[in-house]
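2 protein chains.
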Amino acid sequence: MENLHHDPVVPVLFALVVILLSAKIGGAVASYFNQPDVLGELTAGIILGNLTLLNYNNFSHIAHNHTIEILSGLGVIILLFEVGLESKIDEMLAVGVQSFLVAIAGVVTPFAIGYYASGIILPDLAEISKVFMGAILTATSVGITARVFKDLNYTKQKEARIVLGAAVIDDILGLIILAIVAGVAQTGSVEASNIAIISTKAIGFVVIALFLGKVFAKTTVKTFSLLKLPGMMLSTMLIFCFFGAYLADQVGLATIVGAFAIGLVLEDVHFEPFKDRSTPEDYIRPIAYFLVPIFFILTGMQVDLTVFANPSILVAALLLTSVAIVGKLICGWCFTSGTKINRAIIGFGMVPRGEVGLIFATVGKSIGVVDDRLYAITVIVVILTTLIPPPVLNFLIKSQPKEEYL
Amino acid sequence: MENLHHDPVVPVLFALVVILLSAKIGGAVASYFNQPDVLGELTAGIILGNLTLLNYNNFSHIAHNHTIEILSGLGVIILLFEVGLESKIDEMLAVGVQSFLVAIAGVVTPFAIGYYASGIILPDLAEISKVFMGAILTATSVGITARVFKDLNYTKQKEARIVLGAAVIDDILGLIILAIVAGVAQTGSVEASNIAIISTKAIGFVVIALFLGKVFAKTTVKTFSLLKLPGMMLSTMLIFCFFGAYLADQVGLATIVGAFAIGLVLEDVHFEPFKDRSTPEDYIRPIAYFLVPIFFILTGMQVDLTVFANPSILVAALLLTSVAIVGKLICGWCFTSGTKINRAIIGFGMVPRGEVGLIFATVGKSIGVVDDRLYAITVIVVILTTLIPPPVLNFLIKSQPKEEYL
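If you read the protein sequences in the order shown, they are chains A and B. First residue of the first sequence? That's 2 in the working numbering, and the numbers climb one at a time after it. First residue of the second sequence? That's 2 in the working numbering, and the numbers climb one at a time after it.
For reference, chain A alone in the conformation it holds in the complex:
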């Protein structure tokens, strides 16, 4: 009799049924074509979100349900936590220099060629708008790449570790860049102390999470394991994951960076006091099966295909997309490696701009240096740089000689 007081859980139930069902159908179609599941989920989301084009919009409200949006946010947090659990902190540090170089190149090159190319493609642009377009292209959205690596069981490979490490560093660099360009656009100058504070907090968080966390994690997990309750191991992991994501946000970083860092810190061995033969990944996996597809279906649903309808915007966007891809591809060739490495995988792994690029564009719009036309162009660039890497990475990874891959 709960519907007498208009139970708010009901629209969420409906949305979850639609989302989980389309995710699985999309995933099945993608598998059939030998593609990663995530591509199927994104495509299913695009179809669901654009049924309005067929005058059928029964599902469009799903993407705007507040709870579904938050579940989608929890989904990508759980995904990065899971990937963090699968990665070992020492192996990440072993490729630290490469990750750092990739992150730097992934910011400098897209910014430089984004700045010049946008001036050539759109000759009427103001100087500060060109700076902003360059800044937008520096963004890296690691969710898509992390998921492709997971779908293809590739997270433990050197290429994957370099990209994941670069994504963490990139998030810090992104904070600094945004503070600089927003400062320049608004006041014409940059407050060095402000930049110093932002950088210190962000770097401090990562350092503390990685080094001190390594000590505390073991003790805390052990303390938790003393409470002999059903579900204690999973609850412990969720508390760590959500708390890490929360703390990252408090220092200005993305929640997913915090979840990834905490996942890195937690090693299988910490969970031994639970005396269970399952690994931490076994416990978190069902939560991921539930929440992660919500993120990718929603990402797909946010693609508005009508943005492709304006020819002059489309042409500019396609040109800038090429610039955006080339700018990040270079990342793969900016470091030396003692062992054989597939540099194209690293390059394409850095290509997705995702929601991070849109956040930059939204900030630019709010301070008046990104107009409606530039915003529409950015949306297309974000869509294409998000959708192109999954099939390309799939091809690159699967066409590697087997002994190098598995």
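I should point out that these hints are in silico values taken from the structure, not numbers from a laboratory. Since the structure is predicted, the reported quantities are computational estimates derived from the model, not experimental observations. Each hint should be verified, as a subset may be incorrect.
To be verified - No farther apart than 25 Å at their CA atoms in a straight line, the calculated lysine to any residue pairs in the SDA-like style are these:
1. B/Lys229 <-> A/Ile26
2. B/Lys229 <-> A/Ser279
3. A/Lys215 <-> B/Val11
4. A/Lys229 <-> B/Glu282
5. B/Lys229 <-> A/Glu87
6. A/Lys89 <-> A/Ser226
7. B/Lys219 <-> A/Met233
8. B/Lys229 <-> A/Tyr155
9. B/Lys366 <-> A/Val11
10. B/Lys399 <-> A/Met233
11. B/Lys215 <-> A/Val19
12. B/Lys223 <-> A/Ile26
13. B/Lys229 <-> A/Ser32
14. B/Lys219 <-> A/Leu22
15. B/Lys229 <-> A/Ala29
16. B/Lys229 <-> A/Leu22
17. A/Lys399 <-> B/Lys229
18. B/Lys229 <-> A/Phe34
19. A/Lys229 <-> B/Lys223
20. B/Lys366 <-> A/Asp8
21. A/Lys219 <-> B/Val18
22. A/Lys229 <-> B/Val19
23. A/Lys229 <-> B/Glu87
24. B/Lys157 <-> A/Val109
25. A/Lys215 <-> B/Val18
26. B/Lys366 <-> A/Pro9
Starting from the known structure of chain A, fit chain B onto it as the hints suggest.
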């Protein structure tokens, strides 16, 4: 850098950390005192929700976060689905007559003595208000009892099956009672056709879910199993669970009744095409570990201890609480049983009024027959009938001779 656009996931992360942590601490304390986990979770919730009494209200917003409320709703849906999975449809039907008698007695007796007792306790009450107080006492909230049975590994016992079956029937009876008393209060009469439609829809849903569902479930699960994707078994169960809960709401029943019915319909054997040695319960359990405590912590947080401060209201409420308990206890003695049965467990299993009693009271308030004083009394009755059964059931179940229990 997501906090630049005020990431709405952040307060949810904070709330989840607080909730999961207090649930586990509460559960550990309850275990120490040999009580079911749920009692610890409820108590932890009451403490969290009433820190304002100590002038500390940092956590009170958690209970009002929209997403947390919905996650709590999903939690109790998953709990009843899980209990449904553990119950077998044939075993439920085997105690169908007893369940039906318990449900009928659980409505008639509390209504009759609630009506008379409220007239004696509060002599100034209008006739229709007495009717409403009687109606409020007919409510049964099965979530608490289901969780106590689960915590004590008691769901498969005959007593548990009778109570769970009675709860389903009670939800249908509740719909009819509310339609009658609300109709009488508002128009002075009852539309028989309206009652007939409500009953037909609700009974039709349960019959279809239980009988036709038994056929469709097998075929649908088999079809789903053809999509060989990671997480397919869990997704299939979640889709069934959420869809069942959604459909129940569409015919006017509680979402938890739908989730329970669908859980009943799904049998282990249906999942054999997935060729996995795990049972459906194994797959849903991690989701339950995540979501179910949210429901019980929030239930605790909604207890406002200041309602106990008014002596005249408190006395009336204590008297009505005794009436409410006696009215449901009688359920345990209203049927014959070929085998030995613990009738007190059934009686106390029916005692919790939970949110269902509050829904009745809220409807009564909205049509003006339940005033602020009656509402405050109802809140206390709901709190006490919700908190008393867990320790009593724990005592009754654990003091049974071992051979009858395990």
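Evaluated hints:
| no. | hint | verdict |
| --- | --- | --- |
| 1 | B/Lys229 <-> A/Ile26 | 11 Å, holds |
| 2 | B/Lys229 <-> A/Ser279 | 23 Å, holds |
| 3 | A/Lys215 <-> B/Val11 | 24 Å, holds |
| 4 | A/Lys229 <-> B/Glu282 | 21 Å, holds |
| 5 | B/Lys229 <-> A/Glu87 | 23 Å, holds |
| 6 | A/Lys89 <-> A/Ser226 | 22 Å, holds |
| 7 | B/Lys219 <-> A/Met233 | 33 Å, violated |
| 8 | B/Lys229 <-> A/Tyr155 | 20 Å, holds |
| 9 | B/Lys366 <-> A/Val11 | 24 Å, holds |
| 10 | B/Lys399 <-> A/Met233 | 24 Å, holds |
| 11 | B/Lys215 <-> A/Val19 | 22 Å, holds |
| 12 | B/Lys223 <-> A/Ile26 | 15 Å, holds |
| 13 | B/Lys229 <-> A/Ser32 | 9 Å, holds |
| 14 | B/Lys219 <-> A/Leu22 | 17 Å, holds |
| 15 | B/Lys229 <-> A/Ala29 | 7 Å, holds |
| 16 | B/Lys229 <-> A/Leu22 | 14 Å, holds |
| 17 | A/Lys399 <-> B/Lys229 | 19 Å, holds |
| 18 | B/Lys229 <-> A/Phe34 | 13 Å, holds |
| 19 | A/Lys229 <-> B/Lys223 | 38 Å, violated |
| 20 | B/Lys366 <-> A/Asp8 | 18 Å, holds |
| 21 | A/Lys219 <-> B/Val18 | 18 Å, holds |
| 22 | A/Lys229 <-> B/Val19 | 19 Å, holds |
| 23 | A/Lys229 <-> B/Glu87 | 23 Å, holds |
| 24 | B/Lys157 <-> A/Val109 | 64 Å, violated |
| 25 | A/Lys215 <-> B/Val18 | 20 Å, holds |
| 26 | B/Lys366 <-> A/Pro9 | 20 Å, holds |
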